[in-house]
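**Student:** Given next are the chains, with one letter for each unit.
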Amino acid sequence: MSNQFEAVLRKVDVQRTSGDAYRKAGDEQRALAAFQKGEGLLEGVLNVPNPEDVDAKFLAEAHGALGGILRRLGRRAEALQAYRKGAQIETERGLDSTYNRLNSIKYRLLTGADTLRALEPEIKSLATFIENSLTDTSKATDKSDVRDSGWAWADLADCNALLGDLDKAEKYYITFIEKSETKSPKTALDVLNDLATHLDESGDPDAARVRAAAASLEGRLDRK
Amino acid sequence: MQKRRALLVGIEEYGAGFLPLRAVRQDVPFMGKALGSCGYEVEEVLDDQDAVALGKRLREFCEACDEGDVHVIYFSGHGRSVAGKDYLVPARANRDQVDDKENDYSRVKTDFSEHVGRGLVVFIIDACRDGATAKGREEFGHERVGGPRFVRFFGCSHNEICQVFPKGHNGEDISIFSKALGEALQSGQCCSLNEVLGRTTDKCLAITKKAALPVQKPRLSFGEMTAEAPEMLKRRIFDPPVVSPIWKQFDSQRMHCLLIISESESRKKHESEFHWMVKQAMTGGFGSRVWGAFRSYANDRDLINGKRRVIEESPDPPLINLATLAVNDAFRDHVFDDVVRALVEADLVIFDVTSFEPGVLLLMGIRSASRRGVSLSMHGGGWRELDDINVPFNLSDLSLGSHTEPEGGKEEDRVTETLVQRIEYGFRQLAQQPRYQDLPAYDALRQLGPLYEAASTIFASTHVLALASYRKPYKRNWQFLTNQVKGFLRSRISKPEIVRLVDLGNPQLVSQFLYEQIRRTAACIVDWTEYSPSTFFELGVRLAVSEWGAIQVVDDRYLPEGEQFHKWEGMAGQIENMRTLFNPFTYRLDGDSSQIRAAVDLLLDLNPGMDQSSKYDRVYRRVSETIQEIAEAYTPVHKQLMDAADALHNPRQGREGAPQILFRHSGENSKQYAKTESERAARELRIAAWLYMEYRVKAGHLQLNDPLRELYEQLGEESASALFAADEVELGQLILDSLQEKRNKHE
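Chain order of the listed sequences is A and B. For the first sequence, numbering that gives the first Met the number 0 begins at 0 and goes up steadily by one. For the second sequence, numbering that gives the first Met the number 0 begins at 0 and goes up steadily by one.
Hints listed in this document are in silico derivations from the structure and should not be mistaken for laboratory results. Keep in mind the model is a prediction, meaning the values are calculated, not measured. The beta carbon of each residue, even a glycine, is placed where N, CA and C say it ideally should be. Please note that a few of the clues may not be correct.
Derived EDC-like pairs (lysine to aspartate or glutamate); straight-line CA-CA distance at most 20 Å [stated by the list, open to error]: (1) A/10 with B/693; (2) B/670 with A/169; (3) A/182 with B/182; (4) A/36 with B/729; (5) A/182 with B/727; (6) B/208 with B/182; (7) B/670 with A/217; (8) A/185 with B/676; (9) A/185 with B/726.
Far from chain B, some chain A residues (derived; all Cβ distances over 10 Å) [claimed, not checked]: (10) 43; (11) 49; (12) 52; (13) 87; (14) 149; (15) 188; (16) 203.
Just the calculated beta-carbon pair ranges, DEER-fashion [as the list claims (entries may be wrong)]: (17) B/247 with A/134: 57 to 63 Å; (18) A/131 with B/387: 43 to 49 Å; (19) A/90 with B/703: 33 to 39 Å; (20) B/705 with A/201: 53 to 59 Å.
Produce the complete structure using the sequences and hints provided.
**Tutor:** Set out below in structure tokens:
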């Protein structure tokens, strides 16, 4: 079952990257077709009768991937639903990954379900969780460790950006940029920019710090 | 030092009047092996010698038999009695010529009693073949010659003939007397001529009975019975044989382990503690762990002979062949080929490197050059990890383990546990690291670069490579040897050079440059003097990888009878056996240089392409033969490309981030060129791998559940994804379309 998930995630990755490439090239029709194909693949695999039999890591990842595809399709509310399901799996099944948890926070902001101020305790708690994961050596094995994960650093940077600690955010973004694939920070920046724009538009008083974080990351990427 | 030498003569083809003797093909190697196992240095005479040449060779062999020595001549062929004297029939001789009483140039006498020095010569004659014409008044073997120093051992008695046992040896014909005698010698039950005669006779009678052939009883002939004769007949002249402990054949479903025990360890007790410890490591709970680690490496490995190793998951007990050998015994002539084979075949070799004995180091060199397996170097003799130790400079980065005997109790388990951990770690690393090495030479010998010149032979006209000690006491030897060798080379080479590594002035790491030279140089002289462990390691490497072999020399003061030998007294067994096996040329500082001249002549006359029955390439040939059956097949091209791509940029990196990217800290204002280049190179490698699978493997036409098909899909998707990420939409889509087209065909 896990192998099947892994294969589907790989196929979704192709559709997502091809969609991004077509969109960038101005071929929106093919981009949408690719994203929709990715969505179909994920819907098929997420409708398994016994999801508890699936490795939690892959299940959470599949929900996260669906959220990413739906975001690209402009369906933010559905994306939030996907991230929420993923976040629930991350929490209930004790995963180190925080991708869905952070995105569910971001999409609650993007969809206007919550304000940044209201979410601050949850963001702080998540930041503490990530920091603990990144400093707790007791769970490390020679097979994998969260400190090797670029995305953990991105998530911690985002949390700090949302909390207004731009120094920390910048430091963690640097680590993220250095550890991740070259394309990954661009994706993170897109979400951050979306978020800043939405908070600006909705008159959120803390919109400025998100805009500053996005600018910081963008500046860092430009320098790179 | 007493010498035991055997000279084998087998003649199969004859001229008119004699039947060819096909059994000779089996007789000679069988007797060679038997005599070798009893401590004899065995030499074969080519079967194309005429009567004069053969007679001369036998006479000289008898003359060289000095006090205390025992020389054995073995002859299998036709014999004739002419004018009451016994003769051997040389190759291609006609019966008329042989029987010509007036002319004895076409036959070889069997009485060499007058030529024997002060030792004992035993002449074994399996030669009374055809009764119809040879018997009668002039019966072969009737002549009474010899004495307590010259004994003839005939294969049959009066009125009998030496017969052939049809299909009596591995389905081939063999002479009854030779088979019986060989088996008697190898039984370990007889050490004197009397005992050998008794046991050989019993065996001959048993064989003739089984084969329903006339009786054949061997006999000894030594002239008149003198007072010395009974002593001679009772003298111990055959050692109980050392039976090769090596597995008969490589079994791809089993794990093969070879343990080489040092001479110092093997002398200590009947069964050394180390041997016991290794046996412990291969059985019970330890054995299961070793097996699991071995399986992680060996299972599903393709071999170049087309077979695939299939390793059972957890057999009880583990299927492990463990062969243990004291280093001295490894150099016995009849065992050595097996040992070389085992060094190549063994998945695991454990070397007891206590005192870095030369024989052990030579075997390590062979292993190092010929097999990427797991090899442990374990030191005993009181040494424990972290203690100071002088490691030979070639092996300075070796990971030494200790097998020093524990003081009892829990520590005993700890030492075995450490050994097992090393084995486990070795196999697991071997499984995941394509260039795993625990000995130094393997990659350096193979990675010479793509240029033709990089792997071309360096001939003697460029230089002769010398492998020798770098210690101070050797300095005079080096000066003497270079002068002498250069002098003799000068007669045939205009600008002769004999160089050691230091003379070549190359800044490369020793380990890179040394093994390249060892592989490429045609003319190589190895000096045993000082018994430098590094030199013997290099010798092992050289013998394994070069068909040109090595010309070995030694200052005779360093031989067991020499005045400098006392320092190596504890290694005398292996040195003596290596000496018998490799027969190094000897020299003496400022003394007779005739042997150096002979060594240089041989060095320049070597021609592996033309030389027949050469001994200098024995190890190389054995390694080559063995490798055909056990070497791992080259990883398929698409897998190599994928592995290279994954090592540069793992597909998991996109989702999970990257463990340990070297030099990821690219600085405040610098570009991330290193990472970008890794990703780009990985992408190109993946595309190449996919194209190979698409057009060469045609994996898209395989069933969907075929592992190769699955790999093809995965690779295609990863390649396409990487291309899209790099905005190369057209090619990415091309790959996706091709994958879809293949899927559609299956649906």
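**Student:** Which hint numbers does the structure go against, in order from smallest to largest?
**Tutor:** Result: hints 3, 14 break, sorted rising.
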